[in-house]
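Produce the complete structure using the sequences and hints provided.
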Amino acid sequence: MSGEFLGTFENSVNKMRVIIPAVFKSKFATSSKQTIIATIGANKSIAIYPLDNWILLKDKLKNGDERAKRLLNNLIDFACPEQQLEGPGRIRISDELLEITGISDSVIIKGEGSFISLWNPQTFKSIRKAKLEEHQQEFNSMDYQV
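The numbering of the sequence shown is the working numbering, which starts it at 33 and goes up by one.
In short, the hints are calculated from the structure, not lab data.
This structure is a prediction, so every number in the text was calculated from the model and none was measured.
You may find that some hints are simply not true.
[To be verified] In silico BS3-like cross-links for lysine-lysine, where the CA-CA straight-line distance does not exceed 30 Å:
#, residue 1, residue 2
1, LYS59, LYS157
2, LYS92, LYS65
3, LYS59, LYS76
4, LYS94, LYS161
5, LYS76, LYS90
6, LYS59, LYS47
7, LYS76, LYS101
8, LYS47, LYS65
9, LYS59, LYS94
10, LYS92, LYS47
11, LYS157, LYS47
12, LYS65, LYS76
13, LYS65, LYS161
14, LYS65, LYS94
15, LYS101, LYS59
16, LYS57, LYS161
17, LYS47, LYS94
18, LYS90, LYS59
19, LYS47, LYS76
20, LYS163, LYS90
21, LYS163, LYS101
22, LYS57, LYS90
23, LYS101, LYS90
24, LYS76, LYS94
25, LYS47, LYS101
26, LYS65, LYS101
27, LYS92, LYS163
28, LYS65, LYS163
29, LYS161, LYS59
30, LYS57, LYS163
So this is what it looks like as structure tokens:
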């Protein structure tokens, strides 16, 4: 299984292509064959799955409840054809996914554990700010203790 993808990076979008950071590229399992599936993600993002993680997710959702099966259908409906990472980790993103997410010249690339998400920088900052405010209200230093 590929992963665990953690961290946030900002990069440019050039001719509908995005370069996946080397630290993420190095976490692709041999079984992924440096191949990815790009599809819609949560909150107007794009989800990028290494092929091995995509297969695991697909099997999990296929055997889930009706909600899981609807999610799988949506992920498949919006998925780009599988593709191999080019050269330094470059991938092509479809016009449709870029339009849905509002990504144009710049992109936030975020590790989400078993997958990588791509974000419009303004959308990412807005969601991140709200999440930080919730976090600061709910947790204190005692919650961080081992």
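Cross-check of the supplied hints:
{"no.": "1", "hint": "LYS59 <-> LYS157", "in the structure": "holds (26 Å)"}
{"no.": "2", "hint": "LYS92 <-> LYS65", "in the structure": "holds (21 Å)"}
{"no.": "3", "hint": "LYS59 <-> LYS76", "in the structure": "holds (25 Å)"}
{"no.": "4", "hint": "LYS94 <-> LYS161", "in the structure": "violated (34 Å)"}
{"no.": "5", "hint": "LYS76 <-> LYS90", "in the structure": "holds (20 Å)"}
{"no.": "6", "hint": "LYS59 <-> LYS47", "in the structure": "holds (25 Å)"}
{"no.": "7", "hint": "LYS76 <-> LYS101", "in the structure": "holds (20 Å)"}
{"no.": "8", "hint": "LYS47 <-> LYS65", "in the structure": "holds (24 Å)"}
{"no.": "9", "hint": "LYS59 <-> LYS94", "in the structure": "holds (26 Å)"}
{"no.": "10", "hint": "LYS92 <-> LYS47", "in the structure": "violated (34 Å)"}
{"no.": "11", "hint": "LYS157 <-> LYS47", "in the structure": "holds (24 Å)"}
{"no.": "12", "hint": "LYS65 <-> LYS76", "in the structure": "holds (28 Å)"}
{"no.": "13", "hint": "LYS65 <-> LYS161", "in the structure": "violated (36 Å)"}
{"no.": "14", "hint": "LYS65 <-> LYS94", "in the structure": "holds (23 Å)"}
{"no.": "15", "hint": "LYS101 <-> LYS59", "in the structure": "holds (28 Å)"}
{"no.": "16", "hint": "LYS57 <-> LYS161", "in the structure": "holds (28 Å)"}
{"no.": "17", "hint": "LYS47 <-> LYS94", "in the structure": "violated (34 Å)"}
{"no.": "18", "hint": "LYS90 <-> LYS59", "in the structure": "holds (20 Å)"}
{"no.": "19", "hint": "LYS47 <-> LYS76", "in the structure": "holds (20 Å)"}
{"no.": "20", "hint": "LYS163 <-> LYS90", "in the structure": "holds (28 Å)"}
{"no.": "21", "hint": "LYS163 <-> LYS101", "in the structure": "holds (28 Å)"}
{"no.": "22", "hint": "LYS57 <-> LYS90", "in the structure": "holds (21 Å)"}
{"no.": "23", "hint": "LYS101 <-> LYS90", "in the structure": "holds (9 Å)"}
{"no.": "24", "hint": "LYS76 <-> LYS94", "in the structure": "holds (23 Å)"}
{"no.": "25", "hint": "LYS47 <-> LYS101", "in the structure": "violated (34 Å)"}
{"no.": "26", "hint": "LYS65 <-> LYS101", "in the structure": "holds (26 Å)"}
{"no.": "27", "hint": "LYS92 <-> LYS163", "in the structure": "holds (28 Å)"}
{"no.": "28", "hint": "LYS65 <-> LYS163", "in the structure": "violated (35 Å)"}
{"no.": "29", "hint": "LYS161 <-> LYS59", "in the structure": "holds (28 Å)"}
{"no.": "30", "hint": "LYS57 <-> LYS163", "in the structure": "holds (27 Å)"}
In the structure shown, a violation is registered for the earlier hints numbered 4, 10, 13, 17, 25 and 28, in ascending order.
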